Every structure is written in C-alpha cells, then in structure tokens.
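Peer 1: Turn these sequences into a full structure, and let the hints guide you.
Residue numbers (the numbering used here), protein chains in the order written: chain A, 1 to 249; chain B, 1 to 232.
Treat the hints as calculated values from the structure; they're not laboratory data. Note that the structure is predicted; figures quoted are calculated from it, not measured. In this text, a Cβ means the ideal position worked out from N, Cα and C, and glycines have one as well. A portion of the hints provided could be inaccurate.
As the list claims (entries may be wrong) - So the derived list for chain A, only partly shown, Cβ under 10 Å to chain B, looks like this:
#	residue
1	150
2	152
3	157
4	159
5	246
Claimed, not checked - To list a few chain A residues with every Cβ distance to chain B over 12 Å, as calculated:
#	residue
6	11
7	31
8	56
9	66
10	86
11	98
12	186
13	236
14	238
15	241
Residues per chain, in single letters:
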Amino acid sequence: MSPRFVWARQLAALAVLLVIWETAGRAGLLNPLYAPSPSQIGAALVDLFGSGRIWTHLEATFTAALLGLALGIVAGIVLGVLGALVPLVAELLEPVMTLFNAIPRVILAPLFVIWLGIGIASKVALAFILVAVLIFFTVFTGIRQVDRRLVERVVTLGGGRWALVRHVYLPSVAAWVLGNLKVAVGFAFTGACVGEFVAASRGLGYLLSFAQSTFNSALMLAIILLIMVVVLVIFALAGRLEKYLLRWN
Amino acid sequence: MLEGASLAVGDGQFVSLVGPSGSGKSSLLRAVIGLQQPLKGTVEREVAPSDIAILFQDDALLPWKTARDNVALGLTLNGVRRGPALEQADLWLERLGLAGFGHRFPRHLSGGQRKRVALAQVLAREPKLLLMDEPFASLDAIVRARIIQDVAALVDRERISVLLVTHDLEEAISLSDHIYLLSQGPRAHVTRDYPTPLPRPRDPVRARMHAAFAPLYEKIWSDLSREVDRRP
Chain A
1 MSPRFVWARQ
11 LAALAVLLVI
21 WETAGRAGLL
31 NPLYAPSPSQ
41 IGAALVDLFG
51 SGRIWTHLEA
61 TFTAALLGLA
71 LGIVAGIVLG
81 VLGALVPLVA
91 ELLEPVMTLF
101 NAIPRVILAP
111 LFVIWLGIGI
121 ASKVALAFIL
131 VAVLIFFTVF
141 TGIRQVDRRL
151 VERVVTLGGG
161 RWALVRHVYL
171 PSVAAWVLGN
181 LKVAVGFAFT
191 GACVGEFVAA
201 SRGLGYLLSF
211 AQSTFNSALM
221 LAIILLIMVV
231 VLVIFALAGR
241 LEKYLLRWN
Chain B
1 MLEGASLAVG
11 DGQFVSLVGP
21 SGSGKSSLLR
31 AVIGLQQPLK
41 GTVEREVAPS
51 DIAILFQDDA
61 LLPWKTARDN
71 VALGLTLNGV
81 RRGPALEQAD
91 LWLERLGLAG
101 FGHRFPRHLS
111 GGQRKRVALA
121 QVLAREPKLL
131 LMDEPFASLD
141 AIVRARIIQD
151 VAALVDRERI
161 SVLLVTHDLE
171 EAISLSDHIY
181 LLSQGPRAHV
191 TRDYPTPLPR
201 PRDPVRARMH
211 AAFAPLYEKI
221 WSDLSREVDR
231 RP
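Peer 2: This is the structure in structure tokens:
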C-alpha cells in the first residue's frame, strides 16, 4: 500500500466507523442516553453555534488558557533563569518546583476556587501553575546544559557577559521553550477546562459539567469534539510558529 | 598536565606543536588565548588579545545564526557596525569558496563548509596570531587537503602567525616553519624542536613530495614513538 494515501485510508476508516455507529443508533441497538448517534452529536454542535451561546464559553476558556499560558511562560523563564544564575534562588526554589512537578497539579483547582472565586482568576491560576512549572524546569535544566563550546566561541571572539546572554543564552532558552510550546498549550487548556469544570459560570469546562448534571451525552460529546478541534488548531499554529522560529534546526 | 613549555611564534611564522595525547597541547592554546590560566608561569603576548584568534576542532558555530551572521559576529563583537560587518563577512565567505552559502544555517552546510565558515569567522577579524587546535581532524581526507591548501595560502597572504596543535605529522611538516615536540605527560615539556627546510610560500599538498619531507617525517616520527612508549 502506498504510504502517500495514509490519511485517505484513515479518513475512510473513520467514515466507516461513523456509518456503523449511526446505523446501529437508528436501528435502536444503542441507548441514546449513553451513546447518542453522530447525527445527534452533530445536531447538538449545530445548536451550540446556531444559538450563539457557545461564543461566551469559548471566549472564557480561551482567555483563561492564553492568559495562563503567557503568564506561565514568562514566570517560568524568569524563575528558571534566576534559578540557574543565583544559587540561593535555586536552593529555595528547586524543592518547591520538584514537589509541584511530582503532584498532579490539577488537584489545586478546588483550592484556587476558594482563594480566587469562581471567576476567571482561578482558571488562569490553574493554567498558570501547570505551565510555569513545566517551563521552569525546561529553562532551569537547559541553561545548565548550554553548549560550553558556544560559550567559548563567543568569548574568544571577544564577547563579554552581555554578548553571551544575547547570542548564546537567550537563543538557547527560546529554543527550549519553543520546543515545549505544544505541551504548554495542552497544559494551559487542561488547566482552564478543569478549573471551569470544578466551579464556574462560563467556559467549555463549565458546559461539560452542565451536560453531565443534565445527563446530556450528545452535548457532552459535542463539547469534547469541539475542545479537540480547538486544541488541534492551536497545536497547528504553535507548530507553525515553532517551525519558523526554529528553522535553523 | 603540561610543565615547562617554552616556545615562541615569530612574526608571520607557522609553528606546529605535536605530541602524545594528554601532554597538554590544548591547555597551552587555551592559556595563550586566555580561556584558562597557567598554574605557574606566564604567557607573554606581543600582540593584543583581540589580535589573537582560535579555531577549535569542532566548528562551534552558533546554530541559530546564518553563515554570514556567524562570520559577522566576530566583527560586531569588536565594535564593527552590522552593515560593514556583513559586507566583510560576505567577502571572507567568498574567499573561502562559500559565495552564495551565506544565508544557510550551519545545519544545512557540510562538515567542510562549516569548517570554512569557522575559518572565515576568525580570519575576518584579521588576527595577527591564529591558534588552531586540531582543526581539521574531523574532516575526510580530500576536503581536509583542500582546506589546508586554502589556509596555507590565506595565512601567507595576510602574514598571520600560526600556532597549530595537531596529531598529524604530515599536516605539521607540510604547513610549518618550525615544529615543537612535547614529551609524554604527566609533567610534559617541550623535548625537541625541528626547523622545516621547506621554502614558503608553499603548497602543503605538494610539499609532501619535497626531498626534505620524508627524512624529517622519519626523524620526528621516531622521536614521537619513543615518547609514546615512555607511557608510565
């Protein structure tokens, strides 16, 4: 089989699966309460967009995720650089970060709701903590592994401290962060959705918990599908950005 | 560990340093350029540190900079403005046979081309003294011979003094005016030195066919072998 048409075969398999699923549903073989047919899920999706009520939820989740992502990246870089350069900071910070890295950080969600309320702040905080710890370790361990040969190269070309930061350390840090950008995006959306799931009045996570409490499987699957598409699109964008900025690699 | 190495590189002279592994050849170069301090003794430089350049065994180009940006970096770090630095960079890339490759990233160049970019980077700074630490060891034979020819010609033209550290006696003899032999470490020292009776300027590939080449090779080789056999 030609490797060129892998995607075509994958698509065909998906279509076959959907047809079987739909047929089984219409034949009464599946309980629509648990496993609504693809057309019912599609209808729920169309209703979400048609009624226009999806936008406020999308906006809430995007805002929380992207804010948490941006703040988490900045904090992760700043703390990682400080930790790598100032021994005292490393001493104090590393155990805390290691602890945060070891636990499933989403367990903090209820705590953030108590501290910050059911508004967007608690979701941003959760996305932030998920991303910041990841980026901290990326930068912290990365700086210690900067290629000594590049450092010596710039020094012997006459470069001082600032030249090293600008031509060696910053590009290295940028490369590691970009290399982890997709993971960070995934973390940010996990944080936002889980935060909304725990307690919120808006957002895709809130819609999920709403669908759960009303036993609306079609709506739930529609939202899961939507979140998948959203994250895939952002992944693709992050991938493009990474590929452009790391084109030297 | 190197102990007691006194050697001098005269103006425009090409000097090689050969010796067993671990005798401290690289440390000596690093001390000359100031990357490490000698435990004892001094390095006397008649040229300013900014007039000394070093070429390492690995090319160590910045992977996120294009070839011309890498070459220009050696100039901008020393106060040259970016525009003129890039012009110089293009000029040196052309001299090293890399016209048209300036916009490539190191990853998209071959090993030989990367070495040429690294050479352009150090030569563009117009050093008075060029240190080379086994710079061509990683290249295959033909690429290596070609690059050595170019280095010899450029060094002659620019009247650059060179201190080359190498394991390769042929390379040392075919390029140098003078060769120093280091003894087996620990406590290595300069044990012998040999003037090479080959005229300069010369083509290092054809120098191997010179009548004086084989006897000198034989002599240094037997001295070097004796040093290696003294391994404790």
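Peer 1: Does each hint fit the structure? Answer for all of them.
Peer 2: Hint check:
| no. | hint | in the structure |
| --- | --- | --- |
| 1 | 150 | 6 Å, holds |
| 2 | 152 | 6 Å, holds |
| 3 | 157 | 5 Å, holds |
| 4 | 159 | 5 Å, holds |
| 5 | 246 | 8 Å, holds |
| 6 | 11 | 35 Å, holds |
| 7 | 31 | 56 Å, holds |
| 8 | 56 | 42 Å, holds |
| 9 | 66 | 26 Å, holds |
| 10 | 86 | 25 Å, holds |
| 11 | 98 | 30 Å, holds |
| 12 | 186 | 26 Å, holds |
| 13 | 236 | 23 Å, holds |
| 14 | 238 | 19 Å, holds |
| 15 | 241 | 15 Å, holds |
Of the numbered hints stated above, none is contradicted by the structure.
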